[in-house]
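Q: Following the hints, complete the assembly by docking chain C onto the known chain P.
Here's the letter readout for the chains.
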Amino acid sequence: MITMSASKNKIHPHKYSMWIAMASITMMFIGFTSAYVVKRAQANWLSFNLPGIFWVSTAVILTSSLTIHLALRQFKARNMSSYKQLITLTALLGIAFAVCQIIGFTDMKNHGLALDTTVSASFIYVIVGAHILHVLGGVVVLVIMFARAYRTRIRTYSPVPIEVAATYWHFVDGLWIYLLIFFSLAR
Amino acid sequence: MSNEATLHNQDLMHHGVEHGHGNGHDGHDHHHEETFISKYVFSMDHKMIAKQFLITGIIWAIIGAFFSVLFRLQLGYPDATFPWLESILGHWAEGGRITAEAYYALVTMHGTILVFFVLTAGLSGTFSNLLIPLQVGARDMASPFMNMLSYWFFFLASCLMMSSLFVQTGPASGGWTSYPPLSALGDASIGSKIGMDLWLMSMAIFVVSSLLGSLNYISTILNMRTKGMSMTKMPLTIWAFFFTAVLGVLSFPVLLSGFVLLLFDRHGGTSFYLSEIFVAGKVLPNEGGSAILYQHLFWFLGHPEVYIIILPAMGIVSEILAVSSRKPIFGYLAMVGSIFAITLLAFLVWAHHMFVTGLNPFLGAFFVLLTLLIAVPSAIKVFNWITTIWRGNIRFTPASLFSIGFVSTFISGGLTGIWLGNSAIDIHLHDTMFVIAHFHIVMGVSAFFGMFAGIYHWFPKLYGRYMNQTLGFIHFWITLVGAYLIFWPMHYMGMAGMPRRYFDYSNWQSFNMFGGLNEFISFVVIIVFATQLLFVFNFFYSIFKGRKLTTPNPWEATTLEWTTPINPGHGNWPGEIPEVHRWAYDYSKDGKDFIPQTVPVSPDESKH
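As they're listed, the protein sequences go chains P and C. Counting from 1, position 84 in the first sequence corresponds to residue 84 in our numbering; the numbering is continuous, with no gaps. Counting from 1, position 159 in the second sequence corresponds to residue 159 in our numbering; the numbering is continuous, with no gaps.
The hints are simulated quantities; they were obtained by calculation from the structure and are not laboratory data. There could be a bad hint or two in this list.
Sample of chain P residues lacking proximity to chain C, with all beta carbon distances greater than 10 Å (derived) [said to hold, decoys possible]:
1) M27
2) V38
3) N110
4) V119
Listed next, the in silico DSSO-like pairs over lysine-lysine satisfying Cα-Cα at most 27 Å (straight line) [to be verified]:
5) C:K233 <-> C:K592
6) C:K51 <-> C:K545
7) P:K76 <-> P:K15
8) P:K15 <-> C:K592
9) P:K15 <-> C:K227
10) C:K39 <-> C:K545
Predicted model, so just to flag it, every value in this text is computed and none were measured. The beta-carbon is built from N, C-alpha and C at its ideal position, and this holds for glycine as well.
If we strip away everything but chain P, and leave its shape as in the complex, we get (with noise of 0.2 Å):
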């Protein structure tokens, strides 16, 4: 890309815009919960236990988290077959933590906790659901990122955009632990 002289020791544009975007990420969701914790301390709070998969999702997204790094490493060692493997599973298992919060909504709208019923249970749909979208923009990256694996006509060489993607696959991977732990500690 476009560099200047004296990139050596720097850290590569790219990258440095992926952890500025991911603070302002950050940003976003400490407005969400500063606002969850606000509301929290006035009347009318109901509190309730949260859906058991949630559990499940979790494992799912920390998996996911192992194969994306993996991926990165067999890229490096240009063992292209499993990393278009390991980065499809990533990918699925992205879907598959999505699919997983989204029963976790029925199973809270089946327990008389829809959107529209009690404040605590509008902020889970929202902060949830807002961080469901960053999951989901990470899978449309790996599915990018698929496709540009299966090109023959240009071969990608530069492990840059593998590491940018999977930084940001470990953000949104530890954006959901502390939510999780966040809803957990302040009901």
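A: Chain C only, in chain P's frame:
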């Protein structure tokens, strides 16, 4: 580094750009063919994107300012009728008099357009895009593709906002802050129907645009500086754009989360902000929400937003004052430090917008203290601007006059901030015309002056021609005098307790004495608005017919953008990117008028 480094764009990226930038060290020309679409529409050249932001911003500024003329007609001449209003506004101005609904819509749109679409996108989008790569010595932004997306998201947001002006129930009309419950309930006012949805969608897309831009600005400044350009050798413009972007990246997402919750309150049946409300005699089922919560989320962005608006103007003014007074900027590090201090404090003062919402007075005391602390870095900056021009050999150009005008309005608007920052005085002054006067002078007029200064100063870089100076002088003097004539009297109205945002004051005996003053203000508004059209004419006329540049460095400035050819192609420098050896402010040094940043430091040179 290979082209593959780009995350998204290598397929879409223009081929010429790819090999043009394949290696920053080679001298190469840009022979690639550019189509009309790739050059003027979906351009990835930061200079073209800057022009796109600027011209879109100008169009919005005309619309936003025209709205203020319309509602000033109502305030200045509440009993008069203007039949032509009916022909442009239709049933919103039946019989030639603006309806109350139209008045509130105009006020709301004036605020939204000027704050976000003109002074954020138009100012930061233009000058960050133009100057960051040129002044740090980069061929383009870190990701030109993301930069292009940033503009097109802005364009999409603009289209949505524009379309809201034409829906049957009118655009959003609950004020630019869109406080719930008014903004959350379609039944509460006609402006809270589809217009409000379009407003929220437009703003959400605007936030995305702003984030994409800011990401690029930060990573370009931190990663793509040319050889020798250490952070402390950067011009103050770049420091200002850097902290502006930091503010945007950290505060806009919080606004977005506030908007998401508001959208759910509008359409998902949730009660984040709503509780125990009666609309038209009916009780709403919503319970347990808190309207104040929205205000916290809003002002957590809303306050940094005013610095997002003013910091780029400060950077531009610092640069222009040094160039035009032929003196180094006074206290460079103090300038950087004060921008940093303002950025930090920006996040810690939001509740001063909420002193009268029932905020705990004990908590309020802390926000008073932090708010008043902002006076310290602001005063440092003002002191340094004045000492920079002090005994300088000032070249009076429209750009330098607007910069000096900026310092003037920033002082007079800033001083009233000390009043409003006190929670006790704020009880009386809150929501009065005093607040209008304060923020219009310190943020609106000052930021516009910075923007005008920047346009006059960098117009030769943008278009290879000069703007007309005489028209520039006329523009400056009428705008400066007009701005004070418009906003100065509002302080007195505010101190007398006259509230803002009212459609008609005529039934209010205590404010009848201001009738003549209001008429006078509206009269000046029309003159000042006409003068801005003169500027717009000057701008577009000069693009095609302005006096052509004969030298690449017309203002004899030291910074890197003037080392490029008069009409630089995509990639900015035809050969190698110049190396930087000194700071940006070597004016009147060792008997030389100015020494460009690219000149090596000679051993017998004096230290600054």
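Q: For every hint, state whether the structure bears it out.
A: Hints and how they fare:
1. M27: 4 Å, violated
2. V38: Since the minimum Cβ distance to chain C is about 6 Å, V38 of chain P lies within 10 Å and the statement is violated.
3. N110: Given that every Cβ of chain C is farther than 10 Å from that of N110 of chain P, nearest at about 18 Å, it holds.
4. V119: At roughly 5 Å from the nearest Cβ of chain C, V119 of chain P sits no farther out than 10 Å, so the non-interface label is violated.
5. C:K233 <-> C:K592: Within the cut-off at roughly 19 Å; holds.
6. C:K51 <-> C:K545: Holds: K51 of chain C and K545 of chain C sit about 17 Å apart, inside 27 Å.
7. P:K76 <-> P:K15: Holds - the C-alpha atoms of K15 of chain P and K76 of chain P are around 17 Å apart, at most 27 Å.
8. P:K15 <-> C:K592: 43 Å, violated
9. P:K15 <-> C:K227: Given that 27 Å is the threshold and the Cα spacing comes to 21 Å, the pair holds.
10. C:K39 <-> C:K545: Given that 27 Å is the threshold and the Cα spacing comes to 21 Å, the pair holds.
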